[in-house]
Amino acid sequence: MQFIEVSGQLINITLVFSTALIFAALGGMFSERSGVVNIGLEGLMVSGAFAAAVATDYATQAGLGSISPWIGLIAAAVFGVVFSLLHAVATITFKSDQTVVGVVINILALGTAIYFTRSLYDGSAQTSQLTEVFHKVAIPFLSEIPIIGEGIFRAYPTTYIVILLVIISYFVLFKTPFGLRLRAVGEHPSSADTVGISVTKYRYIGVMLSGALAGLGGATITLTTTSSFAHNTVSGQGFIALAALIFGKWNPLGLAGAAIFFGFAQALRNFAQLFDFSKQIPTEVFYMLPYVLTLIVLAAAVGRSSAPSALGQPYDPARR
Amino acid sequence: MEVIKKIFNEKRSLLVPVVSIVLGLLIGAIAMLAGGYNPILAYSSLFNRVIGSSYHMGETIRAITPLIFTGLAVAFAFRTGLFNIGVEGQFVMGMTGATLVGVLLDLPWYIHGPLAVITGAIFGGIWAGIVGYLKAKRGVNEVISSIMLNWTALYLANFIVSKFLTDPGQQKSRAIHESALMNIEWLVQLMDKARIHWGTFVALACVLIFYVILWRTKQGYELRAVGHNPDAALYAGMNVNRTIVKSMMISGVFAGLGGVFEVLGVFGNQTIMAASPGYGFDGIAVALLGGNTPVGVLLASILFGGLSYGSAGMSFGAGVPQEIIRIVIGSVIFFVAAHGIVKFILKPFMSKRAKRKEAA
Chain H
1 MQFIEVSGQL
11 INITLVFSTA
21 LIFAALGGMF
31 SERSGVVNIG
41 LEGLMVSGAF
51 AAAVATDYAT
61 QAGLGSISPW
71 IGLIAAAVFG
81 VVFSLLHAVA
91 TITFKSDQTV
101 VGVVINILAL
111 GTAIYFTRSL
121 YDGSAQTSQL
131 TEVFHKVAIP
141 FLSEIPIIGE
151 GIFRAYPTTY
161 IVILLVIISY
171 FVLFKTPFGL
181 RLRAVGEHPS
191 SADTVGISVT
201 KYRYIGVMLS
211 GALAGLGGAT
221 ITLTTTSSFA
231 HNTVSGQGFI
241 ALAALIFGKW
251 NPLGLAGAAI
261 FFGFAQALRN
271 FAQLFDFSKQ
281 IPTEVFYMLP
291 YVLTLIVLAA
301 AVGRSSAPSA
311 LGQPYDPARR
Chain X
1 MEVIKKIFNE
11 KRSLLVPVVS
21 IVLGLLIGAI
31 AMLAGGYNPI
41 LAYSSLFNRV
51 IGSSYHMGET
61 IRAITPLIFT
71 GLAVAFAFRT
81 GLFNIGVEGQ
91 FVMGMTGATL
101 VGVLLDLPWY
111 IHGPLAVITG
121 AIFGGIWAGI
131 VGYLKAKRGV
141 NEVISSIMLN
151 WTALYLANFI
161 VSKFLTDPGQ
171 QKSRAIHESA
181 LMNIEWLVQL
191 MDKARIHWGT
201 FVALACVLIF
211 YVILWRTKQG
221 YELRAVGHNP
231 DAALYAGMNV
241 NRTIVKSMMI
251 SGVFAGLGGV
261 FEVLGVFGNQ
271 TIMAASPGYG
281 FDGIAVALLG
291 GNTPVGVLLA
301 SILFGGLSYG
311 SAGMSFGAGV
321 PQEIIRIVIG
331 SVIFFVAAHG
341 IVKFILKPFM
351 SKRAKRKEAA
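First to last, the sequence lines map onto chains H and X. Going by the UniProt record's numbering, the residue at position 295 of the first sequence is 295; the numbering climbs one at a time, nothing skipped. Going by the UniProt record's numbering, the residue at position 6 of the second sequence is 6; the numbering climbs one at a time, nothing skipped.
Incorrect hints may appear among the rest.
What the hints assert, rightly or not - Keeping only pairs whose Cα atoms sit at most 30 Å apart, straight-line, the calculated DSSO-like set for lysine-lysine is:
{"#": "1", "chain 1": "X", "residue 1": "Lys218", "chain 2": "X", "residue 2": "Lys137"}
{"#": "2", "chain 1": "H", "residue 1": "Lys95", "chain 2": "X", "residue 2": "Lys347"}
{"#": "3", "chain 1": "X", "residue 1": "Lys163", "chain 2": "H", "residue 2": "Lys279"}
{"#": "4", "chain 1": "H", "residue 1": "Lys249", "chain 2": "X", "residue 2": "Lys163"}
{"#": "5", "chain 1": "H", "residue 1": "Lys249", "chain 2": "H", "residue 2": "Lys201"}
{"#": "6", "chain 1": "H", "residue 1": "Lys95", "chain 2": "X", "residue 2": "Lys218"}
{"#": "7", "chain 1": "X", "residue 1": "Lys218", "chain 2": "X", "residue 2": "Lys135"}
{"#": "8", "chain 1": "H", "residue 1": "Lys249", "chain 2": "X", "residue 2": "Lys135"}
Don't read these hints as lab results, they were simulated from the structure.
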């Protein structure tokens, strides 16, 4: 019955991994719902992870104590927005290929982050280990429930924030005029334009939201998991978030579910060594698992695509 | 002067790439100033490293070679309207295929070498073929599936190397048998032990093959037709799905060959990798700057290969972290991709010149 004992921990670690994915996937959702493909999520997460590490470090040195990680979080969102603006200017104002620009954002963000890490930390490719990071918060009473209490109600503040954000995003997207306009711009920009909605404005907002949220996702990794920033801190999480977005059919609840599924696949890695039957399986298999699962799921489930219909197309009012 | 004007006035202008390169180097300089370094000293030490000695020149050629392969791979798929972001994984599979044959088999050189090369190329082709198949048959976006296959390839390669090809406790495979190695011994000696290998010549041949397939065969016509307009190609009776798979497989063969020569020509073994080598992503940059033409890819890989290899000189000579070159390359392709921005920046200069002409 070893399995029941660890299942609380397994849920807990799943949520830790999923939090970053949900942040980034939510960001991707706002961008793609407005009609802009965002392959650059990975890069935006990298910039957030970097900004969080540096800002938290400096805030700690300035003597801000336990407020420091929150400052890191804000810095990450700001940095994410700055990088997403590059994406927005190139794809919305100058109508460049969105996929290509996304790839460029990934290259630029990683290069910039490592370059400035090296120049700030005397040539080291890793920021110094943070002393002030987020700690798990137990919710009174609820955290006493067996398994679920340990699994869900003893989590990092970022996990609670992201759960809240999923619910808020759902309401914003489907129950507010803003959400309706954002979706209209992504589904049928010329109609939206005709009724007086600025396609450019809503797409800029969508892309900038993706920068802020993906930045927070990257910050989550540094502030809860690694406690520092290096070139491999994010390592593909942004792409998995993108897959979660597609698997979740561009819906906040769906993508959260998909992200938890991918988070679970990553969490399994940590538990492989605990059981005799799983010890036989090479570790590489567990590393491959999230990616292979994504592929299988996409191949089996996508078929009928429910992507926003103007996704990937620059809006040109001169063409109907 | 007339010649330069003529080149810039051509319809497929060189203006955007050239201006993008200049802007990219400028942004690199600004980033260096921001980090408190001397950009002029840095760029000159980069240049000195690249042309400093016959060893460094040879090693620069070594650094350029894989970029030609991966650049061609990305460009080939682009021509069929596919964005092969999975060149990275196909490159790794190419390495693995060649290492498998090179380490496990022991054959006479005239069979062993070619067999290792072909196996690696096929590994790359199949890996890319999966992406093509998923796109054609299941409608899975090639960008997502190939990104997933990149990571899968990395861990699969590590698994194969550590399970079958490595002595216990080692972080790299056993040495590849000499009969499969692809280095050119007399050139290596001539260039002070710079690792020169047959891959460079195969890469140049591939530049030609790329051109011949796309512009001199019926198949190539179909590939390009599907790239221009898949609906029209379908209406004309072409099998679009099969063309997609075929294009991805050829692209994967180019990528795989790049990996093959890294292990057979340069290292002679395969390490257990913490991250994939990155040549595939640089291939995207190369293809973009080269405008997806074979000669453009060749020129762009010379530039980016030189910059990447020379960047180590920047950290020796001027203390600049060599990642600065990622910022430069990233900025260059940012401007190439967003060529609207370049034209926007150039507009005032262009109109001034036009006005002056009118006045005169």
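Hint-by-hint comparison with the structure:
Simply put, lysine 218/X and lysine 137/X have alpha-carbon atoms about 24 Å apart, close enough for the 30 Å limit, and the pair holds. Pair hint lysine 95/H plus lysine 347/X holds up; C-alpha atoms about 17 Å apart against a cutoff of 30 Å. With a C-alpha separation of about 15 Å, the suggested pair lysine 163/X and lysine 279/H falls inside the 30 Å cut-off, and the hint holds. A distance of roughly 39 Å separates the Cα atoms of lysine 249/H and lysine 163/X; the hinted pair therefore is violated under the 30 Å criterion.
A hinted pair counts as satisfied when its Cα atoms are at most 30 Å apart, and lysine 249/H with lysine 201/H qualifies at roughly 24 Å. Among the hinted pairs, lysine 95/H with lysine 218/X is inconsistent with the structure: their alpha-carbon atoms are about 33 Å apart, more than 30 Å. Of the pairs offered as hints, the one joining lysine 218/X and lysine 135/X holds, with about 23 Å between alpha carbons and a cut-off of 30 Å not exceeded. Distance hint between lysine 249/H and lysine 135/X is fulfilled; the C-alpha atoms sit about 18 Å from each other, no more than 30 Å.
Hints 4, 6 from the list above are not met by this structure, while the remaining hints are.
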